[in-house]
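Chains P and Z are the protein sequences, given in the same order.
Under my numbering, the first residue of the first sequence carries the number 1, and numbering increases by one thereafter.
Under my numbering, the first residue of the second sequence carries the number 352, and numbering increases by one thereafter.
If you are wondering where the hints come from, they were derived from the structure by calculation, not from laboratory data.
Honestly, I wouldn't trust all of these hints.
Label pairs and their in silico Cβ distance ranges [to be verified]: (1) Z/R514 / P/D143: 17 to 23 Å; (2) P/N227 / Z/L638: 24 to 30 Å; (3) P/L177 / Z/P465: 21 to 27 Å; (4) Z/A532 / P/L34: 41 to 47 Å; (5) P/R345 / Z/R514: 38 to 44 Å.
Output of the computed footprint for chain Z on chain P, the stretches with three or more beta carbons under 8 Å from beta carbons of chain Z [stated by the list, open to error]: (6) 71 to 82; (7) 317 to 327.
Built from N, CA and C at the ideal position, the CB exists for glycine as well.
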Amino acid sequence: MMGWRLQRLPSAKPRLAFLARAVSVILALLVAGLVTAAAGFHPFDLGAEVVSSSFGSRFGIEDLGLLLTPLIYTGLAVAVGLRIGAWNIGAEGQFNIGAFCAAGVALFVPGPVWMVLPLMVFGGALGGAAWILVPTLARAYADVSELITTLLLNFVALLLVYYVATGPWLDPSGHALATTARLPVAIPEFWGIVHWGFPVAVAMAMALAILFALTRWGYEIRISGSNPGAARYAGIPVRRHLITVMLMSGAIAGLGGVMEVAGTVGRLQGGISNNYGYLGIMVAVLARAAPLGVLASALLMAVILNGGIILQTQGLTTNTVLAVTGLILLFSAIGDELAHYRVIRTTAQRA
Amino acid sequence: MDVLAGLIQTAFLAGGVLALAALGEVLAERVGVVNLGVEGLIALGAVTGIATVLATLSPVLGLLAALLVGFLFGMVFALATVVVRANQVLCGLALTLIGTGLAATVGKAYSGMPAPATFGPVSIPGLSDLPFVGRALFSHNVLVYVIYIVLPLFLHWLMFRTRHGLNMRAVGENPAAADAAGIPVMAFRFWYTAIGSAMAAGAGAYLTLAFVPSWSEGVVAGRGWIAVALVIFAGFRPLSAVAAALMFGFVTALGFVGQARNWPVAASILSMLPYLGTIALIIVPVLAFQRMRRIMAAPAGLSLPFFRDLR
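Only chain Z is shown next, with the shape it has when bound in the complex (with noise of 0.2 Å):
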C-alpha cells in the first residue's frame, strides 16, 4: 500500500514537467505553430532556475527568471516563424540545438549542485494527514496543483469557453478566415508562441527546483519531444494533455520502483519505457480507432505560414 501511494506521489512529481511542456506546446499549436524548441527551451529553463535559486536562494525568482528566459527565446522563436513565417520546423529544431547546447555550456558549472532551496511539499491541514491519499494526492509541492488543476482548468475554459478562445481556434484552423473576420492572426500566433514557450522553460525550472533537484548535462532526456508526442495524443486539448503527462509520470515512476527494488531488469532497458511508450501512444490509435480521426485531428492551419497576399 504505501509502495502504490509512493507510486502515485512519484507519478504526480514526475509527470508535471511534461504536464508544463505540454500545455505550453497546446497554446502555440492551437493558433498554428509548432514549437519542436521545446527541448531546448526546457534545458534552458532547468539551467536558468538552478542558476537563479543558487545566486537567490529563492525558487520562486529561480521559476520566475526561467519563465523570462522562455519568453525571450520564445520571442525569437516566434519572430523568425510567425513574422519572418521561415520554416517551423527548422526553427524548432534550430531552437532545439541552441537551448541544449547553450544550457550544457553554462550549466557545466552547475553540474552536479543540489539546489539549495526547493518548492517544497506543502501540508494541507487535515487532507495531508489522510492515510494513503494524504501521500497520494496532497503532499505536493505548490506548483503540482497548479500544473495539474489551475493552469489546465483555466486555460480549458479559456479556449472552449471565451470568446477569446474562439477566435484563437480560428487562427488555428483557418487564418485567412479569421483575418477576414478581422482577428489580428499575427499578434495571435506571436504572443501565444512565446507564451507557451516560457512554458516549456517553466517545466525545465520544475525539473530543476521541484523533481530532481538538480542540474546535469542530458537531464531534459527527451521529456521536451516526449511533451510535443502528448499533444498529439491529447487531440490538443489541455485537459487531455495534462491527464496523457500524468500516464507518463506513472510509467516514470513505476521505473524509478523497478530500479529501487532490484527488478531483474536493466535500467537501460527501463529507462526505455517512456519513449517506447510514447511511439506507441501516438501510432496505435490512429489504427485503432479511425473514426477518432476528425475528433482528435490537428488545427487544419497547423505550421502553415500565413500570408495575407496569398489568400
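So here's chain P without its partners, still in its complex pose (with noise of 0.2 Å):
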C-alpha cells in the first residue's frame, strides 16, 4: 500500500519559505478584508482606493516614499540583529532618542548648516546606540535576554522626549502645543517632499548587504548567529561581534529618527516614531533579514500603513493597520514554520 508522511527538514528551501512568506502576506489581507467587511465596508474598494492614491500620483508616490524611509531604517536595524541571533525590540526608543538628540543639536549648537547637519547625523546615531548600551551589555556579559530589556527602554525614550517637546524644548513662540520650536536645519530634499534621508537609507541597505554576504565580518557574523558554540570553538570573538551588531543596529534606528525628525516632520514632537519601530521588526521578519529584502518588505509595509492613513477618513484608524501587520506576522511565523516540512511517499515495505 502507498501512503504519504510528512518530514520535517532541519532548514526551509529558501523558494518555499518565499512562497510561504507571499501566502501568508495574502492570507492576513484575506482575514483583515473579511473582517472589514464583516465590519460593513467593502474591502475591494477601499482596497481600490489605497492603490489609486498611493500610486496614482505623484503626490501619493512622495507620500509612500517619506513614509517608506523610517521603515527601511529601523527595518535594517531589527534585521541587522537578527543576524547574529539578537532581538532589537527596542528600535522604536532608539528611533526616539536619534529624533531627540538630533532636534538638541539643531535647536542649542549655533553655527553653519555644513557644520551642525554632520553633527545632527553623528549624534542621533551615538544616542540610538547609547540608547541599547545597557540591554548590549546585559546581553554579552550577563546573558540577559535583550528582547525586554530593549522593549522596556522604548517606554522611557517615549516619556522622555514627551516631556522635552511639552516642557523644556517646549516652542516658545506660543503657537504650537506640544512640539519643539521648527528646526532651524533640514536634510535638504531629494526627490519632491523626499528628502536625502530615502537615498541614505537605500545606500545602507546595499552596503550592509555587501558587507554581510562578501566580507569575512559579515560572515562571522553570521557564523556567531546560527551557532555560537562553534563559533567560539573556531575562534571568532562571539562576544565583540555580539556588542559591535547590537550597537550598529541601535545607531541605524537612530539614524532613522535624525532624518524623521529633520527631513519629515521638522519638529520633535511626543510619538515621532508613530510605531515605526515595531513594524521594523515587521520588515525584517518579512525580509528574512537580508539587507536587500528589507527594501522590499518596506515598501509593502509602507503601502499598508499609507493605506491605513489614506482610509482614515473612512473610520479605520492607524491601529487597523497596526492589527493587520500583527496579522501577517503571525501568518509568516507559521508559514515559516511549515515550510520546513515536505510530503514523501512511504513504501508497503515498512508495514
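Reconstruct the complex from the two isolated chains, following the hints.
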C-alpha cells in the first residue's frame, strides 16, 4: 500500500520559504478584508482606493517615499540584530532618541549648516547606540535576554521625548502645542518632498548586503548567530561581534529618527516614532533579515501603512493597520515553520 | 500616616494587573511556552471588559467575557506555537500587535467613558474599620484578594504539591523525558498557554473595571511587558511573582502620590520609574548573585518547540 507522510527538514528551502511569506501576506490581507467586510465596509473598494491614492499621482508616490524611509531604517536595524541572533525590539526607542539628539543639536548648537547637519546625524546615531548599550552589555556579559530590556526602554524614550517637547524644549513662540520650535536645519530634499534620508537608507541597505555577503566579518557574524558554540570554538570573537552588531543596530535606528525629525516632520514632538520601530520588526522578519529584502518588505509595509492613513476618512485608524501587520507576522511565523516540511511517499515494505 | 495607608492601598490596587498577568505567564512558561502576547491580551481584555459592562452593567460578566476572549486568542496562539510549533517570539509579538491594534480600533467608541459599574471595595466586618491596616489591607475589591491570596496559593499548591504539577514542570524542563513517561506534552502546553492567556486578558478587565476604571488608547502602557519581566525576576514562581508585582504596584503608587503632592519632578519622569525599575530588577540580581542563577533559572525547555521524532 502506498501512503504519504510529512517529513520535517532541518532548514526550510529558500524558495519554499519565500512562497510561504507571499502566501501569508495574502492570507493576512484576506482575513483583514473579511473582518472589514463583516464590519460593513467594502474591502475591494478600500483596496482600490489605497492603490490609486498611493501610486496614482506623484504626490501619492512622494508620500509613500516619506513613509518608506523610516521603515527601511528600523527594518535594517532589526535585521542587523537578527543576523547575530539578537532581538532588537527597542528600535522604537532608539528612533526616538535619535530624533531627540538631532533636535537637541539643531536647537542649541549655533553654526553653519555644513557643520550642524553632520553633527546632528552623528549625534543621533550615537544616541541610538547609547540607548541600546545597557541591554547589549547585559546580554553580552550576564546573558540577560535583550528582548525585554530593549522593549522597556521604548517607553522611557517615548516619555523622555514627550517630556522635553511639552516642557523644557516647548516652542517658545506659543503657536505650537506639545512640539519644539521648527528646527533651523533640515535634511535637504532629494526628489519632491522626499528628503536625502531615502537614498542614504537605500545605499546603507546595499552596503550592509555587501558587508554581510562578501566580507570575512559578515561571515563571522552569520556563524556567531547560527551556532555560537561552534563559532567560539573556531576562534571567532562572538562576544565582541555581538556588542558591535547590537550597537550598530541601535545606531541605524537612531539615524532613522534623525531623518524623520530633520527631514519629514521638522519638529520634535511626542510620538514621533509612530510605531516605526515595531513595524521594523515586521519588515526585518518578512525580509528574513536580508538587507536588500528589507527594501522590498519596507515598501510593502509602507503601502499598508499608507492605506491606513488614506482610510482614516473611512473610520479606520492606524491601529487597524497595526492589527493587520500583526496578522501578517503571525501567518509568516506559521508559514516559516510549515516551509520546513515536505511530503514524502512511504512504501508498503515498512508495514 | 494616612498618606502611607493610601499608598499601600494604591500599591495593591495597581499591582493587581501585573500580578494576574504574571501568574498567567508563569503557567505558560512553566510548561515551556514564552507568551510575549501578554501586552496585547491585556488590551483585548480591557476593551472587552468595558464594552460588556457598558452593555450589561455587570462587572462580573465583563470579567468573564474578557477571560473568554483571552482564552480564545490564547488558543489561536497555542495552535500556532504548540501545534504548528512556529517561532514563539514571532507569534507572541504578532499577538501583541494584533491585540493592541484591535483593542484600540474597537475601543475608540468607548474611549474615556467611565465604567458604569465596577468592582467596588468590599468591607470586611471588624477588619475594615481598624485604623491604618483597615484602609491599607482590608478595604479592597474582591479581585484583589483573589489575585494576591487565593490564586497564587492555589497555583503554588498545584505546581509544587501535586503530581499534576510535577508533570507540568516536567513538560517545561524536559519535554522528551516527559513524553517518554507518557505525559501528553502537547495537551499540557496547549491548555496551560490558553489558560495563561485568559488570565492576561482578565488582568485587562481588572484594569478597566477595578483600577482605572475606563478605557483609553495606551492605557495598558507596557504592563504586559513588565509582567513578562517580573516572571523572570520571580524565578517562575507564583508566590514570588505576586510579591514582585506588589513591589511594582508600590513604585507606581509612589508616582501617583508624587503627582498628587506636586513633587518638583515632571509626571513623565515619574512615569519612567516602573520601566527603569524593571530593567534594573532583571539585570542586577544576575550580576549580584551568581549562585542564585541555577535556582532562578528558566525551565530548560522554555521556548523550544518539541518534535517527538527529532528526540
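Do three or more residues of the stretch 317 to 327 of chain P come closer than 8 Å to chain Z, measuring C-beta to C-beta? Since three or more residues must qualify, the claim that chain Z covers the stretch 317 to 327 of chain P holds, with 10 doing so at under 8 Å.
Can you let me know if the beta-carbon spacing of P/L177 and Z/P465 is within 21 to 27 Å? holds (26 Å)
Cβ distance range 41 to 47 Å for Z/A532 and P/L34, holds or violated: holds (43 Å)
Holds or violated: 24 to 30 Å for the Cβ distance of P/N227 and Z/L638? holds (27 Å)
8 Å C-beta criterion, at least three residues: is the stretch 71 to 82 of chain P covered by chain Z: violated (count 0)
So the hint says 38 to 44 Å: do the beta-carbon atoms of P/R345 and Z/R514 match that? Cβ of P/R345 to Cβ of Z/R514: about 43 Å, so the range 38 to 44 Å holds.
Per the hint of 17 to 23 Å, is the separation of the Cβ atoms of Z/R514 and P/D143 within bounds? Given about 33 Å between the Cβ atoms, the range is violated.
Going through the hint list in order, the structure does not satisfy hints 1 and 6.
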